[in-house]
Every structure is written in structure tokens, then in C-alpha cells.
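Read top to bottom, the protein sequences are chains E and B.
So the first sequence is residues 1 to 387, counted in our numbering.
So the second sequence is residues 1 to 101, counted in our numbering.
No incorrect hints appear here.
Quick look at which bits of chain B chain E covers, simulated, 3 or more residues with Cβ under 8 Å:
#1 3-11
#2 47-54
#3 63-73
#4 82-93
Since the hints were derived computationally from the structure, they do not count as laboratory data.
By construction, the Cβ of each residue, glycine as well, lies at the ideal position given by its N, Cα and C atoms.
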Amino acid sequence: MEFMGYRRPDGSVGIRNHVLVIPTVVCANQVARGISQNVKGTVWVEHQHGCSQLAPDAAQTARVFIGHGTNPNVFGVVVVGLGCEVVRAQDVAAEIKKQCPYKPVHCVIIQDAGGSYKAITEGAIEAHKMVEQASLLSREPIDISELILGTECGGSDACSGLSANPALGEASDLLIDAGGTSILSETPELIGAEHIIARRAINEDVANRCYATIKAFEDSANAIGVDMRGGNPTPGNIEGGLSSIEEKSLGCVYKGGTRPLVDVIGYAEKITKKGLIYMDTPGNDIEQLTGMAAGGCHICVFTTGRGTPTGSAIVPTIKVASNTAMYNKMKDNIDINAGTIVDGEETIQQVGRRILEEMVRVASGKLTKAEILGHNDFGIQRIGPTL
Amino acid sequence: MSKPKALVMKPIDNVATATQEIAAGTDIVVSVDGKMINIHVTEKIPFGHKVAIRDIAAGEKIIKYGEAIGAATVDIRPGQHTHVHNLGGLRGRGDLEKENK
Chain E
1 MEFMGYRRPD GSVGIRNHVL VIPTVVCANQ VARGISQNVK GTVWVEHQHG CSQLAPDAAQ
61 TARVFIGHGT NPNVFGVVVV GLGCEVVRAQ DVAAEIKKQC PYKPVHCVII QDAGGSYKAI
121 TEGAIEAHKM VEQASLLSRE PIDISELILG TECGGSDACS GLSANPALGE ASDLLIDAGG
181 TSILSETPEL IGAEHIIARR AINEDVANRC YATIKAFEDS ANAIGVDMRG GNPTPGNIEG
241 GLSSIEEKSL GCVYKGGTRP LVDVIGYAEK ITKKGLIYMD TPGNDIEQLT GMAAGGCHIC
301 VFTTGRGTPT GSAIVPTIKV ASNTAMYNKM KDNIDINAGT IVDGEETIQQ VGRRILEEMV
361 RVASGKLTKA EILGHNDFGI QRIGPTL
Chain B
1 MSKPKALVMK PIDNVATATQ EIAAGTDIVV SVDGKMINIH VTEKIPFGHK VAIRDIAAGE
61 KIIKYGEAIG AATVDIRPGQ HTHVHNLGGL RGRGDLEKEN K
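So here's chain E without its partners, still in its complex pose (with noise of 0.2 Å):
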């Protein structure tokens, strides 16, 4: 099976050729802003971050904002920065440049260039540039082997684990078994289901370290001394129907489909193997997109029972409706309807099946609900306190 994509120099390949706006701290967020919005064919992100952070948090930041310049869904980069930041423009821009020589990066320092308006005109001169040499390149044929998946399910409820997360799990074992890589991710939401995850992992240290990472987020949870429920399961999640965090796990854990687990990853760390992909992410919504996209990740397959909005800037996201009520009621954001299992008109394969081939008609251009509503949602996780 064939997608049209774009083959980047380097061999990479891009479901889609963004020009990205992207500023390495809060105080540059409105020249980011200013330089995309005077932009047509750009993408921007905003977020609270890159400045009175502890070491390992601006590492984390830092590796974020790299992971979406050098994304292969993102051609050209606009790195903005205020002058004074921790996590430094200069150095995100001269790391996606060196992963990525091949890419147009550029630049701007709010304080360099003397103040907003002049940042906002040089940023979006560069920018201008990028686009029309973005504009030049045609998709071609590419196999779907070379497809990185994103898996997530955000505000479910007790039907998500009997129809959308069986059904992206099948999904994503039709990927792998064509060859390519999907992501299980969303930590908190594999407490109680670790062993069956950790059974599937293909030697003793993957299924070690899926425990270990596993109990270490169930350890910071403890450690506060309180219920989670309430926060995960969210209220709207208990609403829903589910009573605990095992059960959501169960249901979450579907979504991985069934195939053996290759290799547990760290947040947003760089996807390099083929197959089942654990990466290390909070369960939100947002930070976990956010963390896949920076690991590199194509395209995204979003469960969801109570209905969301979300979407990356740089990942088409397919929002998939565990239930048929819900998806009546929210066409505008959900592209797929699973709740046709529920209801007992289509099995878990045949519907796995049409989510493969709606990933591939978006990975070859067709647009999400999330992406045509301009959802361009980012957050990063957070470990310690602010300065």
C-alpha cells in the first residue's frame, strides 16, 4: 500500500511541507504569532515555557522544539527568541540545522533585531521565502512502511476500550505488519494493564523498563498522597463510565494493538525503530501529541469518547468516535465514527481497516477536521518546578 508523500533529501518523508514558526520561549509567543498570521502557508505554536527553568526541563524543552524543526512533516523553520532565555534560539536553530542540513532555518532575536516590529518584518520575510520554495515540491508514491504513527485516546469513556482503541490497535498491527512504526504512549494510563504490554516486549530489558517506567509515574502520583481518580480518570472520563485508573488503562492499552513492543522511549525522544514504539508521555492530551510529534511521528489516530478538538500544527491528527451518539452530536471535529461496533453493525477488523485507509488518504494530503479548524495545540511536559 502506497501513500503520496514528500522524500526529503536526506531520505526522510513528509506527509505535509510546513513552514513552522516556532519561538524557544513565552516571551516571543506574540512574534511567532505576528510573523505566521502575515505569513500564508505557515504554522505556528505558542506555549509557556524556555526560561527560569531547572537543567533537565530546558533540555526537555529544548529537545521538544528540535523535534518539530526537524520533524520530516515540516520543510522549513523559523526559530524566534527574545535574547535573554534559557532555552536559546541560536542553539535550537543550529541543531535542527545540524540534523537537518538540508532544511531552511532561520533566526530571529527579538532584542537583535530591535524590537517586535522588526523581528516580526524579518521573520516573516524569511518565511515568505520558505513558502515558495515549499510551494515547489509534488508528492510522490511512498510505501506505507516508511509511516510513523502516533496513537492517543483523549476524554474516554467505557466504550473506548470495546470499539475505537481495538479498532486503532488493529490499525496500527496492519501498519506494523507492512512494515511500519506506531507509538503507544500516555504512562499514567497503562497503570494495571503494565503485564500486558510488557508481555509483548521482545527481550527482558524492553519489558524491564516498561515496568520501571510504568511504576515511576505511578510512584510521583503516590507520592502527593491522593486519589488520582478525579484527575485521571477525569471527571468527564468517570461521567463516561469508568470507575478507575486500571480500568481506562485496559481500554487504553487496545490501542497498541497487538503486536510485540520493540523498544520504551523517553518524552519526546527521536523514533529510530520500526514496530511498536513505547514512548514515556503524561497522559494529557496536548503534551502527549506534542512529545510524539517531537519524537518524529507522521500522523496521529485519536480516539475519543466524549468528543475533542485537538490537533497538532505539524501531525494531521484523525479523531475516531468510540461511540455513535457522540459522533452525531460533534461532526465538526471527529472523522471517523467506531461507534458502529458498539451498535453491532461492523466488526473491530472492519473498521481497524478503514482507519488504515483514512491514514492514508490524510498522509497523502486530504485534510483532518482538526486541521481545517486550525487546531495548532502544543504543550510540554513538565518535570520540575519554575525558577
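Keeping the supplied structure of chain E fixed, place chain B upon it in accordance with the hints.
Just chain B, lined up with the frame of chain E:
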């Protein structure tokens, strides 16, 4: 066959998930490993929520997907709504650890 009102995922499960809202006093049929079991639903079960299909004693594990999703905090009878009022999660419970200290 009409659409089932509740689904049982694995034969050892002691709860079923409602695929539509079930009114109190409704008799439903659930399929467990191909066998049809009649349940008299005694409380309203909202869509997506769980109904007990067996007697579950206080402290006993509540099983869905063939796995423990928590434990009963009180005795639960078949046909009763099984949710956060009578099911306690066992994981990620810092409050329980604090009590045990």
C-alpha cells in the same frame, strides 16, 4: 437478533457495559462465552456504565476485560450499577498509602 443492551468482554468478567441507557426494572440478556444470561437490572444504568452480572462480595475484585479494574467497597448484587460509589480503584491511590502509614 436485536442489538445487545450490555456487553461482557471476557468470560470471567463480573460486570457488563451498557451499550444504551437501561431503565431500572428492565430484564436484559447478556452473552457470556456464547451462553445467554438473564439479568434483572435493579437500578438505572447510564450509557457506557457497568452493571453487575454476578454477586460480588465487599473486597472482591471487579473484573472487566478479564482483568481487575478495582475492588467492591460494599456487597454488590447482580443488576446493580457498578461505578465509583461501590468500586474502589487499587492503583494510583496515594490516599490509601497515606492511611496505611
